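Engineer: Each chain is listed here by its residues.
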Amino acid sequence: MIRSITQPKPEEELNRLLSDFNRIFIIGCGTCATLTRTGGLEQVAAMKERLSQAGKMVTGQTVVPVACDNLTLEMMKEYDAGIQQAAALLVMSCAFGVQTLARQIPKNVIPALDTLFIGKETGAGKFQEICTQCGTCVIGETGGICPVTSCHKGLVNGPCGGTDKGKCEIDKNKDCAWTLIYNRLKALDRLDAMRKLFGPRNYLGEPKPGKFEIKAEA
Amino acid sequence: MVSEFKKALVSGKFVVTCELAPPKGAHVDKMSHHIDLLKDKVDAMNLTDHQSSVMRYPSLGGAILVKEKGGEPILQMTCRDRNRLALQADLLFAWSRGVRNVLCLTGDSVMLGDHKQAKPVFDLDSSQLVAAIRTLEKGKDLGGNDLDGQVNYCAGAIVTPEADPLEPQLIKFEKKIEAGAEFIQTQAVYDLDKLKSFMDYARQFPVKILAGVILLTSAPMARFMNKNIAGVNVPQNLIDEMAAAPKGGALAKGIEIAGRMIRRIHEEKICDGVHIMAIGKEETVPDIMAAAGVSRAMPS
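So the sequence lines, in the order shown, correspond to chains A and B.
The numbers in this note's numbering rise by one with no breaks, and the one at position 75 of the first sequence is 75.
The numbers in this note's numbering rise by one with no breaks, and the one at position 220 of the second sequence is 220.
Honestly, the hints are just simulated from the structure, not real lab data.
Mixed in with the good hints, there may be bad ones.
Just the calculated beta-carbon pair ranges, DEER-fashion [said to hold, decoys possible]:
hint: 1; chain 1: A; residue 1: 138; chain 2: B; residue 2: 2; range: 37 to 43 Å
hint: 2; chain 1: B; residue 1: 224; chain 2: A; residue 2: 45; range: 56 to 62 Å
hint: 3; chain 1: B; residue 1: 10; chain 2: A; residue 2: 192; range: 47 to 53 Å
hint: 4; chain 1: A; residue 1: 138; chain 2: B; residue 2: 252; range: 50 to 56 Å
hint: 5; chain 1: A; residue 1: 203; chain 2: B; residue 2: 152; range: 48 to 54 Å
Calculated pairs, BS3-like style, for lysine-lysine (alpha carbon to alpha carbon, straight line, at most 30 Å) [what the hints assert, rightly or not]:
hint: 6; chain 1: B; residue 1: 116; chain 2: A; residue 2: 167
hint: 7; chain 1: A; residue 1: 120; chain 2: B; residue 2: 194
hint: 8; chain 1: A; residue 1: 126; chain 2: B; residue 2: 67
hint: 9; chain 1: B; residue 1: 119; chain 2: A; residue 2: 167
hint: 10; chain 1: A; residue 1: 196; chain 2: B; residue 2: 67
hint: 11; chain 1: B; residue 1: 67; chain 2: B; residue 2: 138
Here the structure is a predicted model, which means the values were calculated and not measured.
Every residue, glycine too, gets a C-beta built ideally from N, C-alpha and C.
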């Protein structure tokens with residue numbers, strides 16, 4: 001399952017974002033941010049404690065099941081009093097949740113987390129970015145491994161000179177995408193695919209911001 | 001106008017190039033001094049492009065300075081900082097100012113340099129940049145539009161003969177040649193037997209190959225490269241030799257080692273030439289060449 005991967009904002013930055021607000025309502029998320037332990041029940045409780053100690057008034061708190069779901073507004077109705085008292089909502093979800101709330105509730109909305117990537121859980125407590133939704137998928141020719149995402153430089157014609165012992169130049173613990181692709185294509189007897197010289201990539205897959213509408217059938 | 005460097009490459013003589021790193025700042029005096037010192041001694045000079053992703057005076061400015069001083073520049077261009085519009089524009093500009101040689105590189109990660117939070121570009125990769133040059137030569141840009149005035153570069157790229165694993169690197173090497181690379185500079189290779197086995201493979205391709213030689217300046221510097229530079233392996237015997245140099249004599253020992261290696265590459269006709277990287281010690285290039293017994297006028 002795909003997950004939105006988050007990490008807490010640096011304390012200093014969060015303090016600055018909250019400096020103008022004394023009454024705060026905290027909202028966590030029961031889905032991805034709970035899984036990554038950045039916005040579940042425990043983290044929301046710890047945030048309440050932290051803000052109280054900093055002299056803020058916490059007017060209420062909740063962990064909604066899925067912050068990015070449009071039903072979140074319905075879920076929030078029972079906390080209306082606390083929300084009305086608050087000068088700002090501190091949202092401990094990914095930016096999808098933060099923006100879902102910001103679109104629906106006319107209050108200052110402050111993210112407590114930074115959204116790192118949309119990733120896949122690859123092991124207990126481990127997440128990896130495997131697709132960046134570029135709109136021009138190349139994995140049919142790269143053994144099902146995405147170089148646009150998995151190569152630090154997004155190279156489509158093979159490894160750069162920084163690859164070493166199968167690892168990336170930016171981190172000896174990061175696999176070189178092109179070593180992975182090479183190993184896989186070799187195992188599949190498809191190394192010829194790697195010999196194909198790709199032209200410049202099409203970055204116009206879907207101009208930012210992405211927008212899509214299902215066409216009504218005639 | 002055919003590039004002087006290209007003439008040297010096709011003449012069959014043993015080609016010697018070196019490398020200059022533009023300054024960190026607007027003062028070009030030291031680089032000018034190195035250009036004056038080396039322009040008549042080597043066949044061409046590479047100007048590095050924010051090497052290791054450290055922001056510096058541009059390689060393009062350095063290349064123009066070399067040209068103005070009567071030297072032969074090889075403009076290094078990485079794909080790290082410019083998209084295809086900017087790369088093509090700089091290729092047109094460089095051509096209009098007399099630059100005739102380009103070395104195409106992907107570029108190091110921005111994270112390795114001194115502006116870690118900058119936006120990396122990598123719109124093209126090194127092989128696509130070579131191909132882009134060939135497109136511009138046909139009087140078209142990458143958008144398929146006609147150009148009013150085209151270029152005719154001697155284009156090259158790099159290879160790491162000791163990459164691990166090696167085959168993906170060799171596949172990329174072949175793609176660079178397919179894209180139109182006329183010459184290849186190798187990453188520094190200290191084990192000449194390994195360089196020979198790479199050349200046994202590489203000789204089948206229609207491309208001139210210059211062996212990369214990085215001047216060793218101390219034993220710790222050699223160990224640092226082994227630890228931090230992908231595909232560079234300084235063998236223990238050379239590190240020991242550097243460590244055994246008398247106090248204050250490490251640089252002289254490094255020059256001797258580089259000279260010895262180049263001599264063998266030349267005498268055994270292992271490569272078509274050498275690319276000397278005397279990082280921060282550019283003034284030693286003539287000493288290295290003297291130790292190697294090579295000079296610009298030398299036939300193969």
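Engineer: If a hint holds in the structure, say so; if it does not, say that too.
Structural biologist: Evaluation of the provided hints:
1. A:138 x B:2: 37 to 43 Å: With Cβ atoms ~38 Å apart, the hint holds.
2. B:224 x A:45: 56 to 62 Å: Given about 48 Å between the Cβ atoms, the range is violated.
3. B:10 x A:192: 47 to 53 Å: 32 Å Cβ-Cβ, so the 47 to 53 Å window is violated.
4. A:138 x B:252: 50 to 56 Å: At roughly 52 Å between Cβ atoms, residue 252 (chain B) and residue 138 (chain A) fall inside 50 to 56 Å, so the hint holds.
5. A:203 x B:152: 48 to 54 Å: violated (29 Å)
6. B:116 x A:167: holds (20 Å)
7. A:120 x B:194: violated (41 Å)
8. A:126 x B:67: violated (53 Å)
9. B:119 x A:167: holds (22 Å)
10. A:196 x B:67: violated (37 Å)
11. B:67 x B:138: holds (25 Å)
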